[in-house]
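**Q** Here is what each chain is made of, one letter per residue.
2 protein chains.
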Amino acid sequence: MHKQTIKTSTIHYDVIVGEGLLTDIAQFLPKNYENVLIVSDDVVEKLYAEKLANNLSHIKNVNMTSVPAGEGSKSIDKYFELLTEAINHKLDRKSLIIALGGGMVGDLAGFVAATYMRGIDFIQVPTTILAHDSSVGGKVAINHPKGKNLIGNFYPPVAVIYDVTTLRSLPASEIRSGYAEVVKHGLISEESFFNEVLKVDLTKPLDPDVTVEQLQKGIAVKANIVEKDERESNIRKFLNFGHTLGHAIESEMGYGQITHGEAVAIGMLFALKVSQENYNISLPYNELYQWLAANNYPLMINWPGPDMLIDKMKLDKKSENAIVQMVLLEEVGKPSIVNIDDHNLRIQLENFIRELGSL
Amino acid sequence: MHKQTIKTSTIHYDVIVGEGLLTDIAQFLPKNYENVLIVSDDVVEKLYAEKLANNLSHIKNVNMTSVPAGEGSKSIDKYFELLTEAINHKLDRKSLIIALGGGMVGDLAGFVAATYMRGIDFIQVPTTILAHDSSVGGKVAINHPKGKNLIGNFYPPVAVIYDVTTLRSLPASEIRSGYAEVVKHGLISEESFFNEVLKVDLTKPLDPDVTVEQLQKGIAVKANIVEKDERESNIRKFLNFGHTLGHAIESEMGYGQITHGEAVAIGMLFALKVSQENYNISLPYNELYQWLAANNYPLMINWPGPDMLIDKMKLDKKSENAIVQMVLLEEVGKPSIVNIDDHNLRIQLENFIRELGSL
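As they're listed, the protein sequences go chains B and U.
For the first sequence, position 60 (counting from the first letter as 1) is numbered 60 according to full-length UniProt numbering, and the numbering increases by one without interruption.
For the second sequence, position 171 (counting from the first letter as 1) is numbered 171 according to full-length UniProt numbering, and the numbering increases by one without interruption.
Isolated chain B, as found in the complex:
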């Protein structure tokens, strides 16, 4: 069991990573609560919600609810439904929402907690690799049909309790999705971490010790950046490496057609390509490409038109004044933020799509 404390301007909270925490969760609650709502998705609920609730039997009111699994539930409708459930279960300002699930559940239930009665406590209990990323940093959001995470808040949880035994139930595409963010944390922090990650073979059962170690490192990279820049005015944008195109692909293909991390993986390849071009340097593009291909990441996708993608990239929250901003690498471990004009972006994107398609 490992503990890191994340410091934000408003609160400090612990991220606890370990095996079997789900059946031992009561001891990690930072306060006494009388009314708890566990929010999950319908897949995770069946696997773990009962187990979690049993461990909270000392609490007066513990209720469970779930939304359909998948990004489609990060909608204004599900958001409103969960608020209604919170009211029906009589949650008040001292109540707690537990987000049990992956990034979708964390984002959705977190935004409900952030806005219910102007903000009540919530705890993240991640059940995916991807959630090592999304559960740290205090971003909560839902999607708008015109763009991902366009509606949300900065709202930190009061704790993150990460039971890695839940990762065993993940399908292969979710393992790929989560590991893309681990790769990202390597690329923006240090080459040795990146190289370690590329040694992992995702087609075989994960070695728990390696997974825990790499998740912790990933969390540390993210926490370090988030602590220095809570509201994404500056270095926090580095975490967006691979996400500008990644989000556009995800949004244009339709959520559910490709996982978040798989789209980000393609976005990272593109960001490496643009970086090489922009700085006239060599980066481990081929190494990453080979690893992604060997691990069955979808790289030959049904590409949306470049114009649609560029429009979406402009809609990205991180873009300013309708110019696309990308995170590039000056070298591995040294990210920087660069404005890319439309003309240049279009040429590079077309070349990239052509090259990727023909490989």
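Since the hints were made in silico from the structure, they are not lab data.
It should be emphasised that the depicted structure is a prediction, and the values quoted were computed from it without experimental measurement.
One or more hints might be untrue.
Each pair may be met inside one copy or between any two copies, as identical chains are not told apart.
[Claimed, not checked] Quick list of in silico lysine to any residue cross-link-like pairs, SDA-like style, CA-CA up to 25 angstroms: (1) LYS273 x ASN296; (2) LYS228 x TYR155; (3) LYS78 x LYS146; (4) LYS7 x VAL200; (5) LYS146 x ARG93; (6) LYS217 x ALA293; (7) LYS7 x GLY147; (8) LYS31 x ASN302; (9) LYS228 x ILE11; (10) LYS60 x ILE323; (11) LYS199 x SER282; (12) LYS78 x ASN88; (13) LYS94 x ASP311; (14) LYS237 x GLU34.
We have chain B; now place chain U onto it with these hints.
**A** What follows is chain U alone, placed relative to chain B:
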């Protein structure tokens, strides 16, 4: 032109009160903006939006939108529509939303600003007396069918620019609604302020100098409390004087059937009554009753059942663990927070309704 600076944990912002500020607003913007969305209601838009926009002609993109006047627009649907408009007008993280209107517009547009791309700048330009209250303190929210302001954030504006000449267009019910909050600020701060307010005759045209002075005092009372307690854990609850029953009446009668302040006026009478009973003291119940009656406040209302009201009072955000909390007065200017058990509450509410009905 008078300026007060409100200090919150995250930002300091100015509240500027004066005559004719609407045509001189550019000089009060705290930053340069390239993209501004003015959000108003359909009544206020016709009166003032053009005037305001003309004064911002130096800004590249200025767009206007409005929702139907009335509390009914503080809905999840209008909220989502405005978010969509913000996207369509390509607002980014450096853009500005101006809330031009009363409390409804401020709450709704403020919540849009708070959650659009996880928070962009917004400025309140209040056009009602009531908004002297709602525009200060950083509370933004929309309503849920099951309760008022149940969905929202604490999110301060970057400025409040209050042009009192806009108050001339207010209907009588809106003047009553706003003045109820001025009365409240008197009752929870000091007797002399309260007594001054009771000298005002709302059935005659308001004296601008008196109005400006009393609005400023009201703002100062609120600002003083809000600065000490931003997130309503403690003394900020004092501002809820009259609101526990007031919100329940408003919600049970249906928004639009009675104005916010008119409902709060009845709630203040009830709170004075309960205070007298609870502390065995004498308070200016009759003085307030006479003033409200003389100024045409609706006091003989079509009362919802006590059970319905008590249920709503429990739903109030300020209640904790399903016990109704009320703000009482130990004396004028000395509020305190008291838990009232259901049985006692029911008896006092029934007596109050009977007495008010028969007067």
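**Q** Now tell me, hint by hint, if it's right for this structure.
**A** The hints, checked one at a time:
1. LYS273 x ASN296: within (20 angstroms within a copy, 72 angstroms between copies)
2. LYS228 x TYR155: both (16 angstroms within a copy, 22 angstroms between copies)
3. LYS78 x LYS146: Answer is both: 17 angstroms inside a copy and 17 angstroms across each meet the 25 angstroms cutoff.
4. LYS7 x VAL200: neither (31 angstroms within a copy, 51 angstroms between copies)
5. LYS146 x ARG93: between (32 angstroms within a copy, 16 angstroms between copies)
6. LYS217 x ALA293: within (24 angstroms within a copy, 68 angstroms between copies)
7. LYS7 x GLY147: neither (29 angstroms within a copy, 34 angstroms between copies)
8. LYS31 x ASN302: For LYS31 and ASN302, the Cα distance exceeds 25 angstroms both inside one copy (49 angstroms) and across copies (43 angstroms).
9. LYS228 x ILE11: Classified as both; 14 angstroms inside a copy, 18 angstroms across copies.
10. LYS60 x ILE323: Between. Shortest inter-copy distance 15 angstroms satisfies the 25 angstroms Cα cut-off; intra-copy 52 angstroms does not.
11. LYS199 x SER282: Answer is within; shortest intra-copy Cα gap is 21 angstroms, inter-copy 79 angstroms.
12. LYS78 x ASN88: This pair counts as both: shortest intra-copy Cα distance 15 angstroms, inter-copy 23 angstroms.
13. LYS94 x ASP311: Between. Shortest inter-copy distance 18 angstroms satisfies the 25 angstroms Cα cut-off; intra-copy 43 angstroms does not.
14. LYS237 x GLU34: between (38 angstroms within a copy, 22 angstroms between copies)
In this structure, the hints that do not hold are numbers 4, 7, 8, in rising order.
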